[in-house]
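The task is simple: from the sequences and hints, build the whole structure.
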Amino acid sequence: MFRRFLAAALCATAMMAASPTQAQQTLNVYNWSDYIDPKAVQRFQTETGITVRYDVFDSLETLEGKLSAGRSGYDIIVPTSEPTFARLVRAGALRKLDRAQIPNWSNQDATLLSRVESSDPGNQHGAIYLYGTVGLGIRPDKVREVLPDAPLDSLDLLMKPENAKALSACGIAVMDSAIDVLPSVLRWLGKDPNGNDTADLRAAEQAMLAIRPHVRAITASGSILDALATGEYCVALTYSGDVIQAKARAEEAGRGVAIGYVQPKEGAQLWFDMLAIPADAPNPEAAQRFINFLLQPAVIAGVTNAVHYPNAVPAATPLVDEAVREDANVYPTPEMLSRTFVATVMSSQAERARSRLWNRFKAGR
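Using mature numbering (1 follows the signal peptide of the UniProt record, and there is no 0), the letters of the sequence shown map in sequence onto residues -23 to -1, 1 to 342.
Derived by calculation from the structure, the hints in this document are not laboratory data.
Quick caveat, the model's predicted, so the values are computed rather than measured.
Wrong hints could be hidden among the right ones.
[As the list claims (entries may be wrong)] Lysine-lysine pairs mimicking DSS-like chemistry, simulated, CA-CA at most 27 Å apart:
| id | residue 1 | residue 2 |
| --- | --- | --- |
| 1 | K339 | K168 |
| 2 | K137 | K168 |
| 3 | K142 | K242 |
Shown next, in the form of structure tokens:
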């Protein structure tokens, strides 16, 4: 329901009639699916006279493919901090931001910005749009049916083979993302989530292969979102915001599908989606105006209310719906944040090793 509404709203927004003056300026945005407040796009057009052409992608691979071809035609893209944003920074594919043109830059949480610096030294190429963690989406009632004493605060729920075997009856899914899954497994094992020690990676692979026979699907996070909402899975390793959105859709459908989110007590991976400008953006000035616009507390609060992902503007928090801001699965508490970790830049050799491991996990051998 939300996806259909969002697509229709954005289509109507992009096709709004513009005067000849307005038509001379177009902002080309490439963002994740279901990841904006349509009212924000409408308001930006009204306030600036800039027409927005809004396209969406559903995977980082799609985004990288579009950018690697060159002359993508986009002014704003929203890559995740690792690996895509970091790779684009290193490749010189992004334009440095002119903070003089983004006076609302200072609205961002300095601590959260510092955690992005491993991907973007000096925070020169991107502002934080939204962020979240990697954890478990669960159907508590179904989990309790097969595992009455199961731990609902730990990756033990999924990663212990005996638990995975029992849960296979109600469906297990894992998102198809080595960069998000492998670090979480390494952390669960007590290893460095960003390490590349051969023995540690072998231990992670063995742990993952031990549960592989019980995993029903290894698929895109968007597919997991839809399937969680309809009750197809009882446990899914995926993004926090997708679980929260699935919960909202399930409640809207009124079919008795109750969904919860588990941020693992062992420590969850923290990720950031960044507002960035391609080096060859046709209208970088409009892009910086859009970034500045989104960093206004009222605007970014509206985005959080629409998609249920936290933003990095502290002044926006009081403007977020109470049910959203008081949900620690949306807005992690300081104690929860202290146990999170961020993925760091990998060498090409390390990326290849992890990719081979991931392919073996998917193949089950």
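Hint-by-hint comparison with the structure:
no., hint, verdict
1, K339 to K168, "22 Å, holds"
2, K137 to K168, "16 Å, holds"
3, K142 to K242, "22 Å, holds"
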